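Undergrad: What follows is the residue order along each chain.
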Amino acid sequence: DSGVTQTPKHLITATGQRVTLRCSPRSGDLSVYWYQQSLDQGLQFLIQYYNGEERAKGNILERFSAQQFPDLHSELNLSSLELGDSALYFCASNLRGGNQPQHFGDGTRLSIL
Amino acid sequence: DQQVKQNSPSLSVQEGRISILNCDYTNSMFDYFLWYKKYPAEGPTFLISISSIKDKNEDGRFTVFLNKSAKHLSLHIVPSQPGDSAVYFCASIWAGAGSYQLTFGKGTKLSVIP
Numbered sequence: 002d003s004g005v006t007q008t009p010k011h012l013i014t015a016t017g018q019r020v021t022l023r024c025s026p027r028s029g030d031l032s033v034y035w036y037q038q039s040l041d042q043g044l045q046f047l048i049q050y051y052n053g054e055e056r057a058k059g060n061i062l063e064r065f066s067a068q069q070f071p072d073l074h075s076e077l078n079l080s081s082l083e084l085g086d087s088a089l090y091f092c093a094s095n096l097r098g099g100n101q102p103q104h105f106g107d108g109t110r111l112s113i114l
Numbered sequence: 749d750q751q752v753k754q755n756s757p758s759l760s761v762q763e764g765r766i767s768i769l770n771c772d773y774t775n776s777m778f779d780y781f782l783w784y785k786k787y788p789a790e791g792p793t794f795l796i797s798i799s800s801i802k803d804k805n806e807d808g809r810f811t812v813f814l815n816k817s818a819k820h821l822s823l824h825i826v827p828s829q830p831g832d833s834a835v836y837f838c839a840s841i842w843a844g845a846g847s848y849q850l851t852f853g854k855g856t857k858l859s860v861i862p
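For the protein sequence lines, the chains are A and B, in the order given.
Okay, so the first sequence: first residue is 2 according to the working numbering, each after it adds one.
Okay, so the second sequence: first residue is 749 according to the working numbering, each after it adds one.
Treat the hints as calculated values from the structure; they're not laboratory data.
As the structure is a prediction and not an experimental result, all values here were calculated from the model.
Just so it is clear, CB atoms sit at the ideal spot from N, CA and C, and this is done for glycine as well.
Mixed in with the good hints there might be a few duds.
Beyond 12 Å from chain B on every Cβ pair, some chain A residues (computed) [as the list claims (entries may be wrong)]:
no.: 1; residue: Asp2
no.: 2; residue: Gln7
no.: 3; residue: Lys10
no.: 4; residue: Leu12
no.: 5; residue: Thr16
no.: 6; residue: Gln18
no.: 7; residue: Thr21
no.: 8; residue: Ser32
no.: 9; residue: Gln45
no.: 10; residue: Gln49
no.: 11; residue: His74
no.: 12; residue: Ser81
no.: 13; residue: Arg110
List of simulated lysine-lysine pairs, DSBU-like, C-alpha gap at most 30 Å [as the list claims (entries may be wrong)]:
no.: 14; chain 1: B; residue 1: Lys857; chain 2: B; residue 2: Lys802
no.: 15; chain 1: A; residue 1: Lys58; chain 2: B; residue 2: Lys753
no.: 16; chain 1: A; residue 1: Lys10; chain 2: B; residue 2: Lys854
no.: 17; chain 1: A; residue 1: Lys58; chain 2: B; residue 2: Lys854
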């Protein structure tokens with residue numbers, strides 16, 4: 002158990018819809034990362050937050066956004082969903098966001114019908 | 749443009765023998781390397797890491813070797829056990845980019861045969 006909790010585990014929705022994925026980092030971790038794993042692309046970095054502030058952006062679409070709240074949990078919002086957004090979305094956390102291992106949750110599987 | 753490459757999608761090894769998983773990278777600015785193990789329906793689990801100032805790091809049955817001149821790292825598992833069967837991801841960090849995002853390879857599926 003990594004200590005990182007992601008909800009929901011599975012999400013099925015339709016094209017054009019909007020969903021919110023939630024992540025609770027390990028106790029004490031200030032930095033949260035979001036990754037997308039699709040079938041042919043492997044794990045791709047989306048965005049990082051540190052103590053409530055956006056720290057870095059990767060290959061995140063404009064239709065996607067995230068935030069980190071004062072209690073350090075984070076949400077990833079995906080809107081105007083397309084079939085190609087079907088993927089596993091992982092959240093990871095570490096203490097300070099530096100050269101330390103990131104600890105991953107078990108992911109949310111998003112299926113777009 | 750794949751900056752971290754794991755060229756073997758799969759590897760089968762007999763129980764008790766050595767498993768060697770390989771990873772190549774193209775960005776010479778990467779300065780920290782990690783290996784993660786992933787079981788189905790679970791998130792990646794951190795296994796072992798190595799800083800670019802070292803060429804070897806050991807943790808029990810797991811050893812990571814880094815060859816900076818060849819931009820190559822490898823993970824050795826000795827002896828291999830059936831419970832090691834999983835997908836192994838190599839990942840790198842370039843701290844100088846201003847972010848500590850992980851750049852992952854596409855993974856190697858290891859099967860340890862009893």
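Undergrad: Hints first: check each against the structure and report whether it holds.
TA: Results of checking the hints against the structure:
Not every beta carbon of chain B lies more than 12 Å from that of Asp2 of chain A, the smallest distance being close to 10 Å; the non-interface claim is violated. Not every CB of chain B lies more than 12 Å from the CB of Gln7 of chain A, the least distance being 8 Å, so the non-interface label is violated. For Lys10 of chain A, the non-interface assignment is contradicted: its Cβ lies about 9 Å from the closest Cβ of chain B, within the 12 Å cut-off. Residue-level check passed: Leu12 of chain A sits 15 Å from the nearest beta carbon of chain B, beyond 12 Å.
With a closest Cβ-Cβ approach of about 26 Å to chain B, Thr16 of chain A is found to remain outside the 12 Å limit, as its non-interface label requires. Interface exclusion of Gln18 of chain A from chain B stands, the closest Cβ pair being 24 Å apart, more than 12 Å. Against the 12 Å criterion, Thr21 of chain A stays outside the reach of chain B, whose nearest CB is about 19 Å from its own CB. Remark: the non-interface label on Ser32 of chain A conflicts with the geometry, its nearest Cβ contact in chain B lying 8 Å away (cut-off 12 Å).
A beta-carbon of chain B is positioned within 12 Å of the beta-carbon of Gln45 of chain A; the least distance is around 8 Å. At roughly 6 Å from the closest C-beta of chain B, the C-beta of Gln49 of chain A falls inside 12 Å, breaking its exclusion from the interface. Look at His74 of chain A: its CB is around 17 Å from the nearest CB on chain B, clear of 12 Å, so calling it non-interface holds up. Chain B leaves Ser81 of chain A outside its interface by the beta-carbon criterion, the shortest separation being 25 Å against a cut-off of 12 Å.
The beta carbon of Arg110 of chain A is not kept farther than 12 Å from every beta carbon of chain B, the shortest such distance being approximately 9 Å. Our distance criterion of 30 Å between C-alpha atoms is met by Lys857 of chain B and Lys802 of chain B, whose separation comes to about 26 Å. A distance of roughly 22 Å separates the Cα atoms of Lys58 of chain A and Lys753 of chain B; the hinted pair therefore holds under the 30 Å criterion. The hinted pair formed by Lys10 of chain A and Lys854 of chain B meets the criterion: a straight-line CA distance of about 22 Å does not exceed 30 Å.
A hinted pair counts as satisfied when its Cα atoms are at most 30 Å apart, and Lys58 of chain A with Lys854 of chain B qualifies at roughly 20 Å.
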